[in-house]
Structure formats: C-alpha cells, structure tokens
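Colleague: Listed below, chain by chain, are the residues.
4 protein chains.
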Amino acid sequence: MIYPDNRWKHAWDGFILFAVTFAAIEVPLRLVFGYTAKGWIFVADSLLAAIFLVDVVLQFYTVQSEQGRLIVDRSEVRRRYMKSWFVPDFLAALPFDLIFLLAGPLGLPALLAQRISRLVRMVRVLRLFHLAGILRTIQRQSTLHPGLLRMSILAYWILMAAHWVSCGWLAIVGSTGDPLLDYLNALYWCLTTIATVGYGDITPDRTNAVQLIYTMAVMVLGVGVYGYLIGNIATMIANLDVARAHHQEKMEQVTAFMRYRNIPPRLQSRIRNYYNYLWESRRGYDELSVITDLPDSLKADVVIHLNMEILEKVPIFRGSSNEFIRELVVELRPVVYTPGDYVFRRGELGERMYFVSKGRVEILTVDDIEIKATLGEGDFFGEMALLFHQPRTASARAAEYCDLYYLDRSTFDRVLRRYPEFKKKVVAFAEERS
Amino acid sequence: MIYPDNRWKHAWDGFILFAVTFAAIEVPLRLVFGYTAKGWIFVADSLLAAIFLVDVVLQFYTVQSEQGRLIVDRSEVRRRYMKSWFVPDFLAALPFDLIFLLAGPLGLPALLAQRISRLVRMVRVLRLFHLAGILRTIQRQSTLHPGLLRMSILAYWILMAAHWVSCGWLAIVGSTGDPLLDYLNALYWCLTTIATVGYGDITPDRTNAVQLIYTMAVMVLGVGVYGYLIGNIATMIANLDVARAHHQEKMEQVTAFMRYRNIPPRLQSRIRNYYNYLWESRRGYDELSVITDLPDSLKADVVIHLNMEILEKVPIFRGSSNEFIRELVVELRPVVYTPGDYVFRRGELGERMYFVSKGRVEILTVDDIEIKATLGEGDFFGEMALLFHQPRTASARAAEYCDLYYLDRSTFDRVLRRYPEFKKKVVAFAEERS
Amino acid sequence: MIYPDNRWKHAWDGFILFAVTFAAIEVPLRLVFGYTAKGWIFVADSLLAAIFLVDVVLQFYTVQSEQGRLIVDRSEVRRRYMKSWFVPDFLAALPFDLIFLLAGPLGLPALLAQRISRLVRMVRVLRLFHLAGILRTIQRQSTLHPGLLRMSILAYWILMAAHWVSCGWLAIVGSTGDPLLDYLNALYWCLTTIATVGYGDITPDRTNAVQLIYTMAVMVLGVGVYGYLIGNIATMIANLDVARAHHQEKMEQVTAFMRYRNIPPRLQSRIRNYYNYLWESRRGYDELSVITDLPDSLKADVVIHLNMEILEKVPIFRGSSNEFIRELVVELRPVVYTPGDYVFRRGELGERMYFVSKGRVEILTVDDIEIKATLGEGDFFGEMALLFHQPRTASARAAEYCDLYYLDRSTFDRVLRRYPEFKKKVVAFAEERS
Amino acid sequence: MIYPDNRWKHAWDGFILFAVTFAAIEVPLRLVFGYTAKGWIFVADSLLAAIFLVDVVLQFYTVQSEQGRLIVDRSEVRRRYMKSWFVPDFLAALPFDLIFLLAGPLGLPALLAQRISRLVRMVRVLRLFHLAGILRTIQRQSTLHPGLLRMSILAYWILMAAHWVSCGWLAIVGSTGDPLLDYLNALYWCLTTIATVGYGDITPDRTNAVQLIYTMAVMVLGVGVYGYLIGNIATMIANLDVARAHHQEKMEQVTAFMRYRNIPPRLQSRIRNYYNYLWESRRGYDELSVITDLPDSLKADVVIHLNMEILEKVPIFRGSSNEFIRELVVELRPVVYTPGDYVFRRGELGERMYFVSKGRVEILTVDDIEIKATLGEGDFFGEMALLFHQPRTASARAAEYCDLYYLDRSTFDRVLRRYPEFKKKVVAFAEERS
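Taken in order, these protein sequences are the chains called A, B, C and D. Note that my numbering has the first sequence beginning at 1, numbered continuously upward. Note that my numbering has the second sequence beginning at 1, numbered continuously upward. Note that my numbering has the third sequence beginning at 1, numbered continuously upward. Note that my numbering has the fourth sequence beginning at 1, numbered continuously upward.
Calculated from the structure, these hints are not laboratory results. Since we're looking at a predicted model, the values are computed, not measured. Quick reminder that beta carbons are idealized off the backbone N, C-alpha and C, glycines included. One should not assume that every hint holds.
To be verified - Now the in silico label distances, taken between C-beta atoms and shown as ranges:
1) Arg-345(C) <-> Ile-25(B): 58 to 64 Å
2) Ile-25(B) <-> Leu-101(A): 27 to 33 Å
3) Arg-80(D) <-> Val-56(A): 52 to 58 Å
4) Val-56(A) <-> Val-43(B): 54 to 60 Å
5) Arg-78(A) <-> Arg-80(D): 48 to 54 Å
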C-alpha cells in the first residue's frame, strides 16, 4: 500500500496536477477551434490517457486518511474508491483520440465522430475536482508559508476560470482566422471585464442577445470574484507577515498615546527601542500564546526544543528523569529585562529561579556597586529560592536586554510532589550547597 | 388560527413570494412598454389579484409572534393587521385589468383608463415590503446555512433593483421597437455601470439633462451598493466555512512561529498533524465555546445528545434519576490526547474520572510495559478518583488520538450534595467494587 | 453669554451650515462662469455677508467647552477667538459685491475689479473649516443614529468635493455656452471617473498636458476616496444595526455547529427559538456589557431606570433610603429561563433572591405537581435566602420565557454592611415574616 | 564608527534617498527615449556616481544593529557588508557616462557603447532594495505618526511602479516625437488602467500580441495593487485616529442601546457627556491598557512622568527612596468621578488613598451639608486608610469631573514589605498625625 507521506506519491501528485492542468486548458481550446488531434497533440492526448489510467490503478493501493485515522485495509480502500471517484476517473482515462481513430472507419461520419469526441473529452475536466483534494493535501503538508500557498492556489483557479470564460467568448463571437490573436483578444476582453477596467474596444454586439447575456453573466460573476479577491488580497498579504503587521499596529497605538501625553523624547525612544528589541529578537511572537493550545506532551516537546540545553546545565536537574524535566519545562515562563533593570534585590524574599536564555546578568556585591559575577546564555541563578524560603543574598541586574525564563516555587513544589524519589536528591543537593 | 410553524403556511408563503416577484417584475415592464393586458397576461393579472385577496383573508387568521410570545387572539390579530398592512395589501389585491375592462365603457377614454390602470398597479409593488417580513421568517426558521441564505436574499434584491433601474433607463431613452433587445440593452447598460465596468458603448445623450442625472444617480447608488457587496461577499464566503478559515489562520500563525524558531521538521509535522486531527475530527469546533451562552437546560440537552450513550454505560450512573445525570453531563469537559501521551501515571493522586468518546486508551501493568487492558469508545476509567482520595493503581496511556471527557471530583461532590439519596448508592457501589 | 446647549444656538448653527454650503457652491461657479452678481444673486451675496458678520459678533459671546470644562469668561472667550478664527471669519463676512460696486467708480477698471472680487471671495470657503466644528458638535449632541449621521456628513463632503472637481474641470476645458449642460457634463465626467466607471465619452484632450494631469490627479484622489468609501460603507451599514449583525453571526456559528454535530431537529429548533427570543426581547443586547464602563453613579441611574418599579414593590426595600437602593440595584444580575426550566428546587440551599422582569414563574407545591402560585412582572421570590442560610421551601419553575434579575446573598451582605441602620429593619422584617 | 543615531547619518540617509529616487526615475526614461547624456544630465550622472561611491565607503564605518545589539567591530562590519550589498552598491557607483565617454574612443561603435551604457546603468535601480532598509530605519525612529509614514512610503512605491509601467508602455508602443506628451499619455494610460477607470481612449493595438499581453499583465497586477490599496487605505485613515474611531464606535453602541431601552433624554445626555469628557480629556485612551505590556521599569518611568509631581507632594512619601516611589507609582490606578458622585461616605471602612489629578473634590462636614475643604490638582486625601483599618471620618464628593488615582491598602502593604526601613517612618508619621 502507498502511504500518504510517501515521497514518490508526492511526486506523482505533482505530475497529476500538471497533467490535469494541461487537459483543463486543452479541452476547451479544441472545442472552440475544432482542430484535429495530429502530431504531438495526438501523442499528448494518448499520454494523458495513460497517465490517468495509471493513477486509477494507483488509487486502489493508496492509503486514505480520515479523521486522523489511516485506512490501510485494501478492500476498504477499494470499496470507498469504487463508490466515490472511480467512474469519472476511469472515463477521464479513456484515450478518446485513439478510440475515435479506430472507431472512425466503423461507419460514423468523420465529422460527427470528431464532434462527439470533443464533447466527451469534457469528462477530463472532472478530474479538476479530484485535484482540489490534491491541492488540499499539498496545503496541509507543505512547509511553505500557508498564505503564499493559498494565494497561489487562488491565482491558479482564477487563471483557469479566465481561460474558460475566454474560450466561451470565442465560441460565441466566432473566430477570425488567427487562433493566437483570437485567443489573446478573448482573454484580453475577459480580463478587461473582470478587472472592471472596461476599455470598451471589445464589446458585445448589441443586437445579439446571447453575447449580451454572456457579457452580463461574466460581469456579475466578475464582481463576485473581484469582491472576493479584493477582500482577500489585503488579508493574505497581511498574513504573509502577520507578526510585522501586529508589531506596527502596536507601535502606532503606543506612539499616538505617547505623543498625546507628551512623554519626553528620551523616554519615547526607550519605549520604541524596547518594542524594536522584541521585534528583532522574536518577531514579536509571544511564544506562550502560540503553544498554549497544544496538548501537554507537544507543548513540552516544543519548549524542550527551545530550552533543553539550558535546563541540562542546571546541577539540580542534571541526571533527573526525562519525564520530570518535561513537566518542569512546560512551566517555564519567559520574561524580558531592559538594560539596568534589577531582576531582584538583596534582602527580598525570593520565590523564583531564573535561567538566562539571552543577554548578560550581573550579580552585585553587598552594596550593589561592584560586580561579583556576570552570567550569560545558559547560566542560571536564584535556584535556592526553589528550596528555601529565605531572602536573596545578592542583587541581580540586567546588563543589556535579557531574555530570562523563570520557574516559581509553588510550581516547582507541585511538580515535585509527583516525583517523590527526586525530592530526596534535591534536599541532599541543597544541604550540600548551603 | 394558522400558527407560524404550520407547513401549509410555509408553502403559501413561498407561493406569495413567487407571486409578488412576478408582480414586481411585470408592473414596471408594462409601464415602460405600455402593452395591453391580453391573453395570458390578463389571466395572470387576475390570478395575482385572486391570490393576494386570499392572502389578505388569511392574514386575519394568522397567529403573529412578538418578543417570543404568540398573539393567538383573533380580534387582537385583526386589530393589528387593520392598523398595519391591511390597506396596501387590499389595494394590491384589486384586479386592475378586470376593473378597467369593466370601467372602460363607463365613459373614460380607453387610453386614459389604461394609463391610470398602469400607474395604480404600482401599489402591488408595496407588497415587496410585506415580503421582507416573509424573507425574515424564512431566514429565521430555515435549516439552510444562514450565510448562503443571506447571499441569496441579497442577490434577489440586487437583481430586482437592476430590473427597476433598467426599466427606468428604458423609460428615459425610449424604445427602438424590439422589446426584448431593448430590455437586454438596458439591463446590459445597468450592469455595466453598477459593476463599474463602463465599456462606454451605451452612454447618456450628453445634451439631455435627464439622462445625465439618471446616469449619475445610478453611478452614485451603484458605488454604494457595490461597496456594500464587495465588503460583504468576502465575509459571506468566509462565513460559509468560518471553521475552515479559523483553522487555516491558526495553522498560518503556528507555521510562521515554527519556521522562525527553527522547530525540527519531525516536531513540526507532529504539531501539524495534531491540528489536522482537530480539524478532521471536529472541524476545529470547540464545543464548549459554542454552548457556553445557552441557559443550563438547553446546554444540558445538547451535551446529553452528544454524550448520553457514554454516560448510560457507566455502572455508577445507570439507573440514576434523569435530573442527576443532566446536571453531571453539563460538567463534562472534553480533552484530547495524542498517541503515546499518558493520561495519568500509577501512584499519582487522582482527581478525575475519564470517559472515552473516541480512540483507544491502554491501561498498563505495574511496570508500565505490558498492556493490561485496552479501552475504546464508550468505556470509562479512573472512576474511583471521584469517591476516594487515593493514588492511581495503574497508568493509562493513549494508543492513538483520543477524545476523552473528564469529570473532576469537586464538581462531582458539588452535584452530589443536591442529590443526597444518590450518595448512598455511590458509597454502596464503591464498597462493593473495592 | 450663549451656552452650547442653547436651542437658538443650535438653530443658528443649522442656519450657518446652510449659508456656508451656499457660499461653497456659489463661489467656484462664479469663478468658472464669470457671471456678474445681479438681481437675486447680489441680494444673496449681501445677505450672506450680513449673516457671517452676525456670526462673528455672536462668537464673542459663545461659551466654549474644553475637556469637559466650560469657558464662560468673556475676555477669555474673546482672547481665544481673536487668536484662532477671527481673521478668516471676518474676511469671509465682507460684502464683496457691495464693496466692488462702490469701489468700481474709484478708478479700477470694471473687469479687473470683478476678477479680484471673484478671487477674494474664495476666503468664504475658509468657513468650511469652521463648519467642521459645527458638524462635530451636531454629531456629539444629536440623538440621531451616529452611523447614519456620519454617513450623511461623509456624503456631504464627497458631494462638495465632486462639485469643486467639476468646476475645476470646467475651468480647464472651457465652456460651450449652455452653463447648466456644461455643469452637468462636468459633474457627469467627475462621477464617471471617481466611481471608476469610465465610459470614455468625455476624456481629456490627449495633446493638452494640463487636462491629462488634472485627470490623473482626479483618478488618484478618486481611488483614495473610493477606497475609503468602500471600506466604510459596509462598516457603516453594518453599524446601522450592529446588534442584528451580531445576532446573525452568532446564529450562523451555532447553526453550523449543530449541523455538523447532527443535533436533532427539535433541539435545533429550541436553540434557534431561544436566540430568537433573546433577539426579539432585547435586540440581543447584553445590558451588562453596555453599562459596564460607566462610573458607578451613572450605572446606578441606568439600572434604576430599567428596574426601579420592580424594586419599589419589594417589602424589605420599601421605604429604604434612596442611596441604599441605588447601591443594591447596581448589583442586580439579569438571567433568562426557558419554558419548563427550574429556577430552583425544593430542598436546595438558597443563595439568591429573584425579581420577575418579564414572563411567568410558577411556585410549586411540595411534590412539584400542583401550582401553588404564579408570579408575573414585578413580583419577586426567594427573598428569605438573602437573610437566612436555609433550604428552599418550594420549587420555582419558569412557565414561559422569563427575564429575571437576581441578587445574591454575599452582595446583599456587602451592601448591608455600609448601611447598619437598615440592618435592624431587615432583621425585624425577617422575624415578623417567619 | 558612525552610530545609527548619528544626526549626520540621518541627513546623509535622506540625501541617498533623494539620489536613488532620481536614479530610479532617470534610468528607465533614458532607456526609452535614448537621449545622450549631455550638459546637466551628464553632470547629474557623475555626481550620482560620486555620491554612491562615498556611501559605499561610509558603509564600512557604519555600526549595524542586530536583535537589539550593536555591531561596532570594524572588521565584523566590513565582513558583513562585503558579503551582502557591497558588489551591487559598488556597481551602482560606477560613473557609466564618464566610463563610456572615455571608453568610446577605445574602438567600440558609439551606438553600441551607448546601448550597453544604458542597460548597465540598470544596476543603479538595485539600490532601491538598499533603500527599503533606509525607509525601515526612518519608520522605526521617526516620531511622525507611523500610519502617515506608512501611507507615504506606500504612495512612494506606487508612484515609482506607475513610472516604470509607463516607461514600459512607451517602449512597446513607441514614441511620437514629443517626449513630455508621450510620457504624460503613457502615465495617463497606466493610471486609467490601474485605477480601473478604463476610458478606452488609449488601448492596445489588438493585432499586436505584445501590447495585449503587457496590458493584461498591468491589469492583473493593477487589480492586486488596487485591492491591497483599497484594503489598506481605510485601515490607515482609521489608524490615523484610532482613538477617535474607537470612541465613535463606543458612542454608536451606547446610543443604540439607549434608544432601544427608552432611556430618558436627560440621562442619555449625561451618559453622552461622560463619554465626551473621557474623549476630550484623554482621547479615550485607557492608559492602563497601553502601558500594560511594558516591563516594570519602563512602566514605572511612564507612570512617574505622568504623576511624579503629585506623589512628591504627599508627606508620607516625601523623602522616600526613589526606588520605593517607583514601585508604588506603578500600582496607582486611575478612576473617574462625575459631578456630584461620592468618592466615599463618612463611616464607611476605608481601603484606598486618593490623589487628585484633575478636577475639584469637596470634603464635607459631619452632616454632609457644609463643605469643609475643596481639594484640587495635586492634592490627596484618605491617606489614613493605608495605615489603619478605620472608618472614614468625613465624606468626599466630586464637585466636577474628577480624574483621581487611588492606591489600595493591600498593594501598599505588599510594597512596604520590601522596604522595611520605610515602614518605621510611616508608623511614626501616622502616630504624629493621629
């Protein structure tokens, strides 16, 4: 059986995408221009039929996913496919040109045979619906930016629709002899109308009801599509960089407030710098809000990925069971200090242990003047606060912008209660260190 | 009396809708083209009058709803109808063609009579306001998608407006002889203008002030309508599948965050799978947020509908009073576990009882290696935690994506306090099981 | 001094609005068509000057409001006016036609005098800025729907802009002889361009740089204005009935959820009915959320207006000090019960007292079968719960949709603590009733 | 090294902005019209080259900022610049006209040399990307309204794009002899198309595939750009005054509610006045929500800027350590009273101390009739509540709209615990005052 995450399957899906697109473009063109399939067009048509046939066969061996469960049972897969897309897929796989080449001599007048052939080939376009599924799969598994992907898919459908509308226009107004120019003119008319530019150099014959009605239909649909586009493009472009838009909006609000309340320029500049730091260091993402919806196990994996190397350095935790670290890590809370801020002061009662994720923190001597130590990325401090309820023995101050994580005592205690075997180790460690 | 949820009433409303639409289309056409009502048009007009007349009579027997209360008193219904829509409804029900056919010989010149007839028939259009009420009723009671319905109603009004604007244009520029082509051209001009395409093949006579002013009015109104449409279509289409839009937005945010923070591909894939599971299994709906606004009794009915079969299997609850189960059911909270997650571990203090709504949960033996039992849909576990404050005697682990509901002890106790008679049963059950 | 809420002032403001609008329309027209002020135009111009002059004088006696404080001091008012709008207002008040009529014989060539007159009169348009203030005042004090008002003001500015753009176009392309048709054509060109219809029957002379540049400027500005309009019209129309939009959105979400989870039709209908009741009885307004931002005193006044008659009927409260009732009333919380819901059951511990605002509540006898009493609008029940911690002595059930308010014991106690003198009364009342 | 906040650097950046814009406009024009660089154009070109060359040199000495850290190390700066923009910047700095003037005699045919020169000069346009960085810096450091700035930058890019599209059109349709008119016509065509006006007086030759395709591309891109614009202009204009929009929306909701519930006109007017006061006194800003995201130290600085003068007057705080005041100030909460509201009443238990920021508060005598004292801006009252749990000894009432800040006892206690040395002072102060 072929699994959904099979690499060859992905490649084949891409190939099918290409083949269906070709069919969807070629079928209406042949209906309008009525050319006979000769040479490379004949070959392409037969090839297409072969590709679609192979795909029908492959579908019988392809595992489907439903509500997060995989359907791997072959007979179940077959039963489902037979009931859903088998018939149209099989019809789309028939080599019409070949059939009518053979069928021709059987007695049907050549012209009639050709006309039937052209119409029947319309079933190939049905595969476009099948395609919607493939595009959805791509959308789901792609690591590309989802907004970009959605824009591409939307553009794909709109260009396809423009192609069909143009072919319809050609069928109504008739051809003048030069197929390429005719087609370009039809497409030009279609785009001029849908984009509501309406130069008016190509307009329907006002004594021809069919042309008038077709034009009106295109205009009405065009307004709908256009409205949808206008409404979506801004959203999509905005979503290409949601974070930046968010950051800018925040800046605008803060700036307006500061201007109105006459905050002095130096303070304004410090506030702007703080927000710029947040932006540059984390694109303004509040990691808490992103991971908040995840179930605990995934949340832990994400936070661990972001912080594991820090935790592993902490002596109390080194050698603890993986499970214990996982539970602790989920409880870490990020906090930012700007240059010169005190993380805590000597004499305060401590409740939190800090881990330095970025920046430098200075530990000060008794009188807060001399620097006793400077801690950097991966260091931690204040760990005694997790074990004993005692005042801080020194002050800690941020030397530059600092990203810290903290763990507070009540959380630590709560987690510890579930791991009694670890409690002894902690107490031993604390006695030794004190 | 006819009640609002009477099936025949709904059918009749649909019929009236159709009749009013016909009148609203035919009246301006006759005003513009000035044809005489002969043959089937005469019949249709008389039929319309008959239908409207029957509706006037029916209104006297139709129960109205006001602020959730039904007005069933016949005299009250009559009083209200006489004061509101009776006069215009009655005028609209007059068979004008018939009256003027009879009135003709009374001495009025035929031409004048016809002209008056045409103008007077405009009152029929007043029924469109009445129609608005019917559409609102349909909107309220229909089980169709509300967004789709609103789009249809909007389309209905816009097409109606386009028809009237076209007839107005015809009245101003005059007819050329072929009514159908004339009308199509007028409609074509109207749509070209409102959709802001403006080919310019039909433009007002620039020396004719009336045509210029009419065109300007249509453009100004058109911009308004168009702006409203553009602003709404996107919203409507989005609302056709709010859930999907929500899901996609969430995915875009999460993906952007993961890319920025360099989450490893395998973890990215797990997170994507989790969200896809949520989407496929429940369209991303958080059932809590939907039912949160409902009063307790409705909330209970909804949750019971979703979970009754599960609760009925639980031995402690079997045979309990309906009221008791209803109060418990409202307190069930859904929770999802991904494959491999521990629901709880042996030795932990338990506070929650779990019900399996979907997926498989494995109960593990002492050393967490062997599987003692596998629970599936409708099973429950951890029920002892509701009665006794004791450590879990085994671990429970999700074997695949699992939708569980849980009930925590404090809630259970709170509900139990109101049902003292049930408390004894629970204690007896617990003693027997232990 | 004239105060801002003076009725005559409002009327005068309306009159000024009219006069300024007239000036803003007439000034560019005279510049373009270059007609001489004769007959009624001369009179109108002189009248306008007189009106503006009176307004300048009135400004010296008009109290201004700033940051919620009124500036009533005359010298302060004068000082502020002299520094802000006095000069342009005074210039706009000069009777230019009269001055140039008199100045004519003084030696200036008549033609030059007229030209200067026309240009100088442009200062009158400056009053439009003054107008913005008046419009803002109207907006603030009007009891009309703010959205409707904003739409009207926007329409006013856009029509004004269209008028000026048209006059500018006329000035560039020159007149053909018929002023009315010329003006209509210019306005028609302007609207065709701004609404992006662009028929193309009036286009700039492509060898005339000025016309090309003017057209381009109008198009660029038009896109801006148009974009602003499109973006606002939908919002405005939506805001014309925010409540309905909200209600519909909610209904769409709920309906989608119910369809997806296969809620049975009868339950769906009950839920829809509940929301329809909320809509019909209170337009979906959650009164709590609207009044939540108000300071306590205003909040109390609003709630009292909504509920005073109910509270006054309650024996415990009758005759209490106004202040006491005001504090209690703010704490009332609304709650809705659907037909058949139990408000409370016999034997439960009561914590809340209920007031019936709408609907009927049935008090049941011991075995919950017979109805002991039916309470309606203005009745109250469960008042003993505020005084004693004892079980309910009967059950209460909603007979139809009921709007109740409740007051819970802890709130009552909190308020009571501030009014010790009232406490005795309550205890006495309770003893007597028990 | 040149630091990012160097004033000369800013000036130079502005100069570069101007030079690049000139290059971006001139390069495509020369490509299309093919004029030879003579006279002032030759000088301008050489000057441009010189400016760009100086800028390349300056880049080696310019400190870069990355994630809030400055890169001041010269070799690091050089290494980064060499790897990123050095090559294109250097190419853009070549004096092409000069080179080809000298290179001309070297044997290349003059015509060929010129053509190459024109094409090669395209690299100058690459500096536009560099420009994006400058614009971003301006955006970040400017104290201008961010929304206004973004609109300007957007307008800049769109005009640039329109210029290029117009030059492209000229290159395709060819010139007619008058460069200025030709260019204006091309720009006119471009704007007519992008703004979707589409007069149709300039349209592509329908037998010319290149012109058709170019037009279609411009239309498709135009729709995108236009959609983006339409979607953004409203947002931007709204953001120009977010606060006002917010205020208006609030007013609309409140007005709708009041109209629906029949609030009496006088009460409606009071509520409107309250919101107008909020608007006029603070543009509706809730300062708490703006500063809530800031780290504690910045938050303190902002609040201190807003309130320091008030706090310094309070005797208990006078002379306290700066740190202590900073911690207190962050905890101040704003509150508004409308005229006649009681802040507190005699006999109530007090928990809060109040600071008057604006307005007048009356302290009343025992029987709440006479006014004992009137407090104004900078005064404070109720300070005993912070120290002792005792009833208020007098009532306080707002005489007009009052902006107060309050500090409650639990907060005061919490802060005090960290400053034991200050506690004694407070107790001493309290004993002395009582």
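Colleague: Does each hint fit the structure? Answer for all of them.
Modeller: Structure-based check of all given hints:
Here the CB-CB span from Arg-345(C) to Ile-25(B) is close to 59 Å, well matched to the stated 58 to 64 Å. For the pair Ile-25(B) and Leu-101(A), the supplied restraint of 27 to 33 Å is violated, since their beta-carbon distance comes to about 52 Å. The hint said 52 to 58 Å for the Cβ distance between Arg-80(D) and Val-56(A), and at roughly 56 Å that hint holds. For Val-56(A) and Val-43(B), the hinted distance range of 54 to 60 Å is satisfied, since their beta carbons lie about 56 Å from each other.
Arg-78(A) and Arg-80(D) have their C-beta atoms about 60 Å apart, which leaves the hinted 48 to 54 Å range violated.
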